[in-house]
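K.L.:
Chains B, C and D: place on chain A using the hints.
4 protein chains.
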Amino acid sequence: MKTRLAFLYFLLISFSILAQEHKHSSARPLNFPDIPGYKSLKTDLHIHTVFSDGYVWPNIRVMEALRDNLDAISLTEHLEYQPHLTDIPHPDRNRSYTIAMAEAKEHDLMIVHGSEITRSEPAGHNNAVFIKDANPILQDKAEDAFMEAKKQGAFVFWNHPAWYNQSPKGNPIFSDFQKERLKKGELHGIEVINSVDYAQESLALALEHNLTIMGTSDIHGLIDWDYTEKGNQRPITLVFAKERSIESMQEALFAGRTVAVYNDLMVGKEEFLIPLLEQSLIVEKASYANNTHVLLLEVKNITSSDLLFENESEYTFYDNSPVFEIKAGETKKISLKTLENKREVLLKLKALGCFTAPKQQPTISYSITVK
Amino acid sequence: MKTRLAFLYFLLISFSILAQEHKHSSARPLNFPDIPGYKSLKTDLHIHTVFSDGYVWPNIRVMEALRDNLDAISLTEHLEYQPHLTDIPHPDRNRSYTIAMAEAKEHDLMIVHGSEITRSEPAGHNNAVFIKDANPILQDKAEDAFMEAKKQGAFVFWNHPAWYNQSPKGNPIFSDFQKERLKKGELHGIEVINSVDYAQESLALALEHNLTIMGTSDIHGLIDWDYTEKGNQRPITLVFAKERSIESMQEALFAGRTVAVYNDLMVGKEEFLIPLLEQSLIVEKASYANNTHVLLLEVKNITSSDLLFENESEYTFYDNSPVFEIKAGETKKISLKTLENKREVLLKLKALGCFTAPKQQPTISYSITVK
Amino acid sequence: MKTRLAFLYFLLISFSILAQEHKHSSARPLNFPDIPGYKSLKTDLHIHTVFSDGYVWPNIRVMEALRDNLDAISLTEHLEYQPHLTDIPHPDRNRSYTIAMAEAKEHDLMIVHGSEITRSEPAGHNNAVFIKDANPILQDKAEDAFMEAKKQGAFVFWNHPAWYNQSPKGNPIFSDFQKERLKKGELHGIEVINSVDYAQESLALALEHNLTIMGTSDIHGLIDWDYTEKGNQRPITLVFAKERSIESMQEALFAGRTVAVYNDLMVGKEEFLIPLLEQSLIVEKASYANNTHVLLLEVKNITSSDLLFENESEYTFYDNSPVFEIKAGETKKISLKTLENKREVLLKLKALGCFTAPKQQPTISYSITVK
Amino acid sequence: MKTRLAFLYFLLISFSILAQEHKHSSARPLNFPDIPGYKSLKTDLHIHTVFSDGYVWPNIRVMEALRDNLDAISLTEHLEYQPHLTDIPHPDRNRSYTIAMAEAKEHDLMIVHGSEITRSEPAGHNNAVFIKDANPILQDKAEDAFMEAKKQGAFVFWNHPAWYNQSPKGNPIFSDFQKERLKKGELHGIEVINSVDYAQESLALALEHNLTIMGTSDIHGLIDWDYTEKGNQRPITLVFAKERSIESMQEALFAGRTVAVYNDLMVGKEEFLIPLLEQSLIVEKASYANNTHVLLLEVKNITSSDLLFENESEYTFYDNSPVFEIKAGETKKISLKTLENKREVLLKLKALGCFTAPKQQPTISYSITVK
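Chains as they are written, first to last, in the numbering used here: chain A, 1 to 371; chain B, 1 to 371; chain C, 1 to 371; chain D, 1 to 371.
No lab work stands behind these hints, which were simulated from the structure alone. Please note: incorrect hints may appear among the correct ones.
Note: identical chains are not told apart, hence a pair may lie in one copy or across any two.
[As the list claims (entries may be wrong)] Derived pair list, reagent style DSBU-like, types lysine-lysine, alpha-carbon separation capped at 35 Å:
1) Lys269 <-> Lys359
2) Lys350 <-> Lys333
3) Lys169 <-> Lys285
4) Lys348 <-> Lys230
Chain A on its own, in the form it takes in the complex (with noise of 0.2 Å):
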């Protein structure tokens, strides 16, 4: 009916002038910068939609996206636990993807096709992402699931390994199950930060057994309401690709490069987090005070993580405290007594807030050149 038509197409119009303005009003992006050779792409891989037992609709979780300025997300919905079937009786289980990849198509935001095989423990709660049909992963065995997500290619994560409800202690536990797994490659990554958690246990199950170290928010209300209006930013996995491509994220998920982020919390291998934060802070100015020997730095902090420093410069500070923070977006004044003028500075500094290990905090260092 004509009518009816007319009807619809203006309904669609003041939405996507709604969408607009939100894209715009991005108030809370997170930023990371390249590391040398790879790509630093912002990932979210564990978030759930009204398809399994979250509360919105696909096209919220691509519009919180691009408030986050993330690069990738995936809609990992249950298969096995459907709290809403009663009203969204799906006989197809990729209809989440299918509905966000439209939402996303005006936008430069890529959908990762995934699911979350949900058991008890031991097996748990696992995510397989780069999969191609959502269908053939629901089997009645948690194996079968898994041999079929391997069949299509998929990489697979251990949810929150460390969960009370399915671990009391609230420490991992590493059985026969996810053994198994691993020796058949079936599983390649587990989440060390999910949601508001960590788990420096998860984190020594992933050295050693070399799976890729993932940060997820496993979201099933909103974002704002979760993370953003407490102050925190939603948990993420950087993922250090060749590309910005589907299939350059998935290769280096595979390779393990990565990083987790939460908020000033930063977790991954010294391989990767080491370059990732020596191109995190960028030294504008080096000079020295009139007169004297103290050499007067300006750093500045060029992600959204505020950062926090221990001095293990051979120097001491002339006006700063050796534990310092440098804020997200902030240019932080440091004056170094280096006690004779150089020409070439090493600026030494422990993160304090970021680990390569339990308990390990790496230091970098910057070669400064004094104009």
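P.N.:
Just chains B, C and D now, with coordinates in the frame of chain A:
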């Protein structure tokens, strides 16, 4: 299966913890005082969810309302416009209401059963609230839908009559359709505020035809994104009811006892807007400055709206501009030059942001006793 | 002594570094546009330091003025009231001016030479600015002080005539003393705003006797404490001068070309206040919404005052309240229902917080060309 | 003259109203808990006014101190360096103290009588506080000034020994002059924090020579401009005194019972810094999460400093980073994975921003009883 059940239980637990936290964090509660003889109920009776063309599950609407400190909401899904029908092929048009009722059970929020009757102009969009069953209201002919709504005892109001999609000049067109409904007792109210739009021409119609004055959010996305983060509050209808109950609310709406509120704009009939404003300010202190005839007042705005006034008292101010704002919750010092010391002083203030008719702002009076 | 000199040098260096930093950090600069034919100079011509009953050294006054982005200040020390005389037994009443001049030398701030002639009522307090030498203005008889000020070519204005310490009713008393001064050409202006006090009775006197309208801070302590940290701006006089020079400023003051400003309150003669307001708003965009007769405007307030308006155009608004604020620096979207598409539209706005006479607010007009 | 007196009276009234308002508005009060056996007095013993090279009258210093919630200040005017001497040719070097005492009379603030003995290196700058008369301390030879200070019972500390104007490498030079003073009992303390400068080399000297550790603002301009508006707090010395009195404060300083504080940096001897930190946190709740071994703690920081910690407990955290901040006044939720349910748990935290010696951060312990 036992394990599955345990798993379900944990998920439910963890979400309800979340919900409680939300309840406490409400950063933007709407507040308005009762008026003599009536409770002031804060209501939003025009809301959508995934069950028509909205983008969230009904529980999110309940949580948003709790954050806004509302007394009542109605999820008024379009009966005829169902863009998510493929995924949500509901045979029962009351589902949205049923789910919201379950969610609201533990909270102090009233859910009004409602539906939207949606046509092109001249019928346009109309909300029927306090219905008993949404299903029979879905009719081919608009006239039949209104008749059925009346049969169920519904209070029916005309939505955004000035919406430019249906009225390109941006002014409401009160057609034969509306005249007929009015005559048959099938139309009782009119939105003068819909989302961010206020039409004083709609207010003129409300006064001319004695329609109840309504304000609603018409929310489809998130209250946070469309209102809160832009510094706005959601539009509401204050309903002056004999008691805090569904039935009293319904009686009050039929009786036309409302004020529509959006941020600092209040629109209502003089007989309700003036007492509302008079209750909104409290004179907390009144005494003369030593050795002077300058009367020092402390006046508190107990509403969540910033209120704008112009002094129309017999006396001028000592150290205030005659045009001044008292912010939500603020206590303002006002000093009146009464020329001699008085026992009783009449403070007369024109409420510049409030309207009882187009271009007609009310003046309120406070009789102040000096201690 | 060499050592002492070196020591002095370092102290000077370190203070000047400080001063530069202040210049950059100005967090509260006052801004107002020029009007056709005139520069709008931001001035505060009523200020005290330790050289009368103030509490800071003159250099602090210069720095405060730079932070407020003023064009000119005058340090108007009381000649007769000298509570710090024991410690500062100055033989030369020009010291405050001399020190401020030295401090201002490197900055783009004009220092107007001034003094306060201080008596009880009926003479009251009066500022003489653009004087040449403060010493001879100190006289036993008030009449002689005014005569000397006139001899020096001073512009003289009556301070806070409504001050309740001298006028217990809080209203100005225009006595024979003032009449005599006026007749002799020894009184040229009147404060309608002094610190936080606005007296519309003083405005009435200004208009009746053709006195220049003045607004001043009368600061004794710190601008930060008395104004800024309470969310206020310092009161100023906008002087509309042919050039940005002391001489032009003086000519403009004698000619009565001023507007007094305190926060959002602006008080001035119609012939200056209306052009000031008309330059204060810039219509940045004007175009019709697709397929409608709704004209979308983007209007920027380029001043540092929040401005409050009421729509008095022929047309009503689509999605704004007819009473609205445009905050300092803000660009506001306004949508006019012009009923048909027009090439030229007249936007008429009443400036609710501005006064050209007691209870008299000006209406400004913008002729808008639609692209 | 009667009129003049009345006039004076009004001015005094109006200023005292002002003063009261300031007292209430203090937006930045410093707070630190007492430690076992001692009151923690918040002191700033290095301050200037117009009576040496500062830029405000002494009353402003009193008001600043009240806003900062200090217990004691000393106005330590340079005896030898008097740039305002032309205008303030004081014959009595105690004037600054006398005026401050008068101002402080109605307030709960202690004024310590002090002076600065000012020389080039090697003597450098030194403050003598708890003096009786400043005049005889003004001596040609530095040695004589120290001798006189000792005679008066003064506590003397070395100011900013690392100041690059006197020590171009930015490191303190402990010369024969200091050694001699120390031997004669004429030097008792050393600034490790002066204005924004912290020198760990000065801390090393304090520990080596058993000098009292001091932190001071050395303010010349305004506390607001140099500290507050840059987001900093003024540096202070916490003095651990048996009572809240001048005499106890003096005894404590001679006994070396201090911690220097600047924002989040605290520097002191282990025996005082550890109890201060242990009193700074209060464990408000401790209980196990249902059906888990996760111990939920709520820990409140009752100081005005943000405190930074690293977990060094036997147990890891459930949903916190092991490096975390508890902001001033904040209550932080911390969850410990104790692996089994315990009655007593030891929480061990390294205070990352606090120093008991160069590069030496203290670890504090809380024995927590679980209900």
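K.L.:
If a hint holds in the structure, say so; if it does not, say that too.
P.N.:
Consistency of the hints with the structure:
Taking the closest pair of Cα atoms, Lys269 and Lys359 come within 35 Å of each other both inside a single copy (13 Å) and across two copies (27 Å). Taking the closest pair of Cα atoms, Lys350 and Lys333 come within 35 Å of each other both inside a single copy (17 Å) and across two copies (26 Å). In the homo-oligomer, the alpha carbons of Lys169 and Lys285 lie at most 35 Å apart only across protomers (20 Å), although the nearest pairing inside one protomer, at 49 Å, exceeds that limit. When the C-alpha separation of Lys348 and Lys230 is checked against a cutoff of 35 Å, the pair qualifies both within a copy, at 33 Å, and between copies, at 27 Å.
In summary, this structure violates none of the numbered hints.
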